[in-house]
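Visitor: Going down the list, the protein sequences come from chains A and B. Here our numbering is used: the first residue of the first sequence is 1, the next is one more, and so on. Here our numbering is used: the first residue of the second sequence is 1, the next is one more, and so on.
Do not rely on the hints blindly, as some may be mistaken.
Stated by the list, open to error - Simulated restraints on C-beta separations: (1) Glu469/A / Glu172/B: 43 to 53 Å; (2) Lys109/A / Thr25/B: 46 to 56 Å; (3) Leu85/B / Arg188/A: 21 to 31 Å; (4) Trp146/B / Gly514/A: 29 to 39 Å; (5) Leu29/B / Glu469/A: 38 to 48 Å; (6) Ser171/B / Glu408/A: 47 to 57 Å; (7) Ala46/B / Lys109/A: 34 to 44 Å.
As the list claims (entries may be wrong) - One-sided and incomplete, this derived list gives chain B residues near chain A with beta-carbon spacing under 8 Å: (8) Gly40; (9) Ala46; (10) Thr262.
Just so you know, these hints were derived from the structure itself, not from any lab. Each residue gets a CB set at the ideal place from its N, CA and C atoms; glycine is no exception.
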Amino acid sequence: MNLPTPPSLPPAARAAAALALGLGLAASAAFAQAPVGAGQTMRIQINSDIRSTDPGGNRDDNTDNVLTHVVEGLVALREDTSVGPMLASKVDTSADGLTYTFTLRDGVKFQNGAVLTADDVVWSWQRYLKPTSGWRCLPEFDGKGMTKVLAVEAPTPKTVVFKIERPSALFLTMMARPDCGGAAIVHRSSLGADGQWKEPVGTGPYKIKEWKRGQYIELTRFDGYSARPEARDGLTGGKKAEIENLRFVVIPDSAAAKAALYSGGIDAFISPSPADVVEMRGRSDVRVDTTPVMTMVALLLQTTDPLLKDVRIRRALALALDTPEIAKSVTEGLSAVNNSVVPSSSPFYSAVQAGGYKRDITGAKKLLAEAGYRGQPIKLVANKRYEALYSAAVLVQAMASEAGINVELEVLDWATQLDRYTKGQYQSMAFIYSARIDPSLNYEMVSGDKAAQPRKVWDNAAAQTRLTESMVSRDKARRQVLFDELHKQMLQDVPMVVLFNASDATAMRKSVTGFKGWAPAKPRFWNVRLDARG
Amino acid sequence: MLAYLLRRIAMTVPTLLLVSIAVFTLMRLIPGDPVQLMLGEGADPAQLELARQQMGLDQPLVTQYFVWLRHALTGDLGVSTTNGLAVLPLIWERFHVSAVIVLTAVALASLIAVPAGLIAAWRKDRPTDLAIIGAATLMLSVPSFWLGLLLLMFFGQYLHWLPVVGYVPMSEDFSQGLLYVILPIVTLVLVETGVLTRMSRASTIEVLRLEYVTHARAKGVPESQVLRRHVLPNAFNPTLTMIGLILGHLLSGIAVLETVFTLPGLGRLMIDSIFARDYPVLQGCLLFTACIYVVINLIVDMCYPLFDPRVSVQ
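So here's chain B without its partners, still in its complex pose (with noise of 0.2 Å):
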């Protein structure tokens, strides 16, 4: 096991170094001068060329990525480009306030959809089965942004139940900060159990139709004791590959849900520092969205044989 887990973290060193390569050479494709934005319009040449120089930016872009690489191994990610910020504890203060919701609202989806998915395929094609897929199909359809804007006009601008705009960290006050997140994280749950219900009761209805589960049925084990033990675990694993999958996605930012609901968020932030050009924000940004999906994906491979003994890690 342990051996699985260095070999795994060894992996992960060639593959964030190809993201960097990948991501570092992309953005300077991109056409855009963050310089010129920071200067505006009527920036003078001499002006703009001194800017390039303080920021490094005049110099070779092999020389750019190799004194970058230099630094972010050593864990500085640099400076913001738009407000000289450093980029690693900019990167993590934002990274809290998305997986706070995301963590919530994907914690939350999975408790739902797992069993609903589990009732509808137990009772397919039945009127519960249509509900269920029904809701969970229309979920899966609404955009999230369109989701999020109703919620915040329904909730906040007619009824006046809670804040419109703004953010305070539940660090700070948890009350007033629950009262900030609770519309996104409820129109997270809402699309993500869309999602999610549909794996859980498509994998469940390959389940129910084994073997197992007929001889389980036919010994009389109480029904719920057969969905309990004998189904759910071996239809989990699936629905456990897309949660991490969707978890990887939405931790590295929610961006559209964090600009209708204005948190200061990691989708936020990749978002600016794109607008703005902002390279080292920008390369800090996605160089940790892969480390959230390797780390992910090695939390989710290490879950396998916690639900199905099959599964051994090797």
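Chain A extracted, bound-state conformation (with noise of 0.2 Å):
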């Protein structure tokens, strides 16, 4: 019997076909074309879209990172976290700390070719200070947190003048916050006829091009940049775009990043887990810079909790841990460890804050054995979209049964672990701090009534008192004394182990040079060069 003939393929099938070939050749025609504006354009990636345009207001570490580009204020972070001039040409204070004069820079030019003046200043505060604002940095302007501002006055086209309720030492570091969209300064078209916001019209070396949401944000260089004269300066300094075009494209697969960087699809990858540094650092074509960053990761350990409140178990726990082993296996080496709320990069981390706990099982048996715990469980709250986190809370699970401790994991989501921390609700958690420029700043995010703000994970009057003197004096000395106080204190309580301050990373084809990481862990892209495509 002969096999019958097969059935021809129907017509459909055949345009399918005829399709997929289509595909095939289109891919070959437009890939001989790919490689054009080599040289002219950077392709970033970051994680996820930035959320608005607007400074400080709806706002994320990506937005934040994106909009340094766009915007100044009157002041900036320097390179060592200190506060320099930026728009102002110079800052006076006076000797009662309570009226602060910025001379502004001549020949400062917004991005829409008008020059900027005092008025522009008064509008952009006048702005902030709406109790409608959404700016995330109003509480410590309007009075209940720092202090208050009482008036922001133009005297002169060139002078601003701001007077203050009380003094503070951190005035002009609330200005600089890069999270606070470092009080930028914007002209009044970033505003629609409708009073809301459109686009920010600002004073930096880019600007805002096109923003594809979702998918990439592009910057373009602002001609008529005014730059300072100095070298650069973290987010002050002389600032030079090298690059005509940035473009920060949305890639939220840190695997698909690594293949974009490695296939030259895009230049810089912000933020490669530790793991992939190890990995990139054997590649000739992609070059890593590395540098220690003010996040902080820490163990939090709640003091209201019937079993945590006695702190002989809180300092077992701390005892039972190897934190520099934990801070080199999470890192890949990385970071090391730093058990202080100061952040090793700071100016103020001095001989003091480098002490911190040694891991002595003998005595956090001991420790236990006075407490008379029994093995009680202690649930240990951690999430995977901060990896470091669920690494290390795995490596305190298995450190503290070694000393007896009973730790189990309970990994959440990241908007739930935050929930939680918020409301105070756990008994431990392997938490992460953004940078914070100032060790004030570090210690209010963790100091505080916990009646009031749940979230506080330490509450001790007497810090309490030194944290406040802290943000008022304006000697360094006297505040290095209180730092030093504070950290003491807080290995003496132990409501909470700081594990180590992150490393920051960015990877990068060999072509791009001049960049350089910094403390804040803010990419900055001005004075970066984009040579031959590697």
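Using the hints, put the two chains back together into the complex; each one sits in its own frame.
Guide: Here's what the structure looks like:
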């Protein structure tokens, strides 16, 4: 029997084959034209889209990172995290610390061509200080927090005077905070006719060219930029937009971002994982910049918990941990241990701050016995969005078990963990704090009245008094003493075990030159060059 | 036919209403505060409260639901708490991206899988059958994200034939746009072809056993005609049902693939809105997804009589 003839392809299948062939041909044709505009647009990975273009408003780290290229404030952070003038040429402070006079630089223009005047500064600040502005740092300036701005005046077109209610050591620091949008001065045309935010018309070296939501935001060089004469210095100093366009591309998946970097699809990959950094260092076409940053990873212990309210158990847990090993393992050796809330890259990081916990299993067991601990479980909350937290939690669990402490991991998504943190609903928690640029702000994050704000980790009246003084005092030596005392007290109270300050990595194609990371973990792409494609 | 259509459309109203209640309630049951996520770990309590008021999140849940429903009935699904964009245009924009990929991939997969299943069934237990079913099982077993990453690395990273990241709408630049969707489409085609081939083969085997097929062969009808005229139309309906289910499932978001290929599609929008607790966007997405399922089921139901006259729409 002969086999019957198989059925011929129906017309639809033939059309599909033709389409598939067409796809292939189109791919080849388009690939042949791919490297267009090489050397003019730098493509930088960000792991999620920016939230808005309103500085210090609806924001996150990516938003801040992009907008620092577009807008500037009167002052800005220097490389050493001190504060220096940016749009101001100088800042004078009255003897009582209640009046700040900013003299504006000559020749500064907004991206619409208008010349910066003191009136623009007043307008920007009046907008920030409106109760409904949504500005992240409003509480620091409206009297709820650090101080209250009583008046912002423009006695001359080049002079702006701020009058504040009570002196503060942190007034300029708060202005310069990147998460406050650097208190950016924007032109009033940044708002639409309806008074709603439209787009920043700032004074930075780049301006927004195109924002494709969920895909990328592209900045283009502002040709009328007036650079400061000094060298690059943190977020101030001389800035030069060497590359015509910066395109921040949204790539949430790190494996895809890595493939894109290796293939030349992007030029820079911000914050690859430590494991990826190790891999990338072995490649000839990629360079990795690593910098210790002020981001803090810590193990929080709930001091109101029935079990952990006993300081002996908290101390035993601290003694059970080999924190240098945790820091080394979690970061693949990129970060070293730091048991202090003061970041190791801070100018206030003294020999006292370098003191910390030493692993002592015998001592831990002794404390546990004294406290009558009988293996009750201690829930440790972590998440996998921040891989370092999960890895640290696993190590904490293993190390604690050696001392007989029964730690149980509870892995949540970040939003849920943040909610628990805010409500203080946890026994212990591996947590990450974003960078703060002054030790007072670091301590303020964790210290306070738990009844009023359950998110506060350390509720100690004496510590609070020292912290308040550190926020007012402008005497650096006195502040150092206060921070050292706070550190020693925290080691005693053990409301948390600070593990390490993260190291921030930025991986780049070899064609990228001039990039330099720095402690506040804010990547800067001015004064960066893109040579022939690597 | 028209009466049936209208009745089915009318039935979608209570379905969507129930979906909206379920979605709204479930979203609020998930721990996590969109305002806290927006303002960060150091946010001031007064600021948090003010933001909640501005977003209407301080209202009782029932009030929030009815406010949302009232707006939804007029086509206004609110604005994203993440970026302030209107939800409906946002969903529609993202849906376009997913739809181009899914519709092309499912069409190609169907055009490959239906004949492949037919041939496999026709050559049952022979090497051709084993080869087809083996390939289908392999495709079915490979996780789509892994396959996607492999293709990405091979064609993007090593061969440099295709872009690794990004997206250009084909409406803006057809040839460039095509480059960005080839790999996601190929990945989906490979995975879905496996599912559909198995379904097509199974239903064809059933039909090949029926008496009218034997009768047609006995009459001397050429085998190709037997398969095309007598077997394929009768075996196609179960596969059509499966195609409908796959379409509904995929059109509601290919989140993993969209993440791997950095495509701004509906799936990634949903994932991002879950992590950001962006209630309006997630509610809108899920309602939209429910609508897609309803519409696709309706279309599939309408298509049955076209392939099998024994089925009538009443």
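Visitor: Can you verify the interface hint for Thr262/B: is its Cβ closer than 8 Å to any Cβ in chain A?
Guide: holds, 5 Å
Visitor: Mind checking the CB of Gly40/B against every CB in chain A and telling me if the closest is under 8 Å?
Guide: Constraint on Gly40/B satisfied, holds at 7 Å.
Visitor: Cβ-Cβ distance between Glu469/A and Glu172/B: within 43 to 53 Å?
Guide: violated, 59 Å
Visitor: Holds or violated: 47 to 57 Å for the Cβ distance of Ser171/B and Glu408/A?
Guide: Holds - the Cβ-Cβ distance for Ser171/B and Glu408/A, about 53 Å, lies within 47 to 57 Å.
Visitor: Taking 38 to 48 Å as the hint, is the beta-carbon distance of Leu29/B and Glu469/A inside that range?
Guide: Cβ of Leu29/B to Cβ of Glu469/A: about 45 Å, so the range 38 to 48 Å holds.
Visitor: Taking the beta carbons of Leu85/B and Arg188/A, is their distance inside 21 to 31 Å?
Guide: holds, 24 Å
Visitor: Between Lys109/A and Thr25/B, does the C-beta distance stay in 46 to 56 Å?
Guide: For Lys109/A and Thr25/B the Cβ distance comes to about 53 Å; the hint holds.
Visitor: Tell me if the interface restraint on Ala46/B is satisfied: Cβ within less than 8 Å of some Cβ in chain A.
Guide: For Ala46/B, the interface hint holds, since the closest Cβ of chain A sits about 6 Å away, which is under 8 Å.
Visitor: Falls inside 34 to 44 Å, the C-beta gap from Ala46/B to Lys109/A?
Guide: Given range 34 to 44 Å: holds, Cβ gap about 37 Å.
Visitor: Check the following: the C-beta atoms of Trp146/B and Gly514/A are separated by a distance inside 29 to 39 Å.
Guide: holds, 38 Å
Checked against the numbered hints listed earlier, the structure breaks hint 1 alone; every other hint is satisfied.
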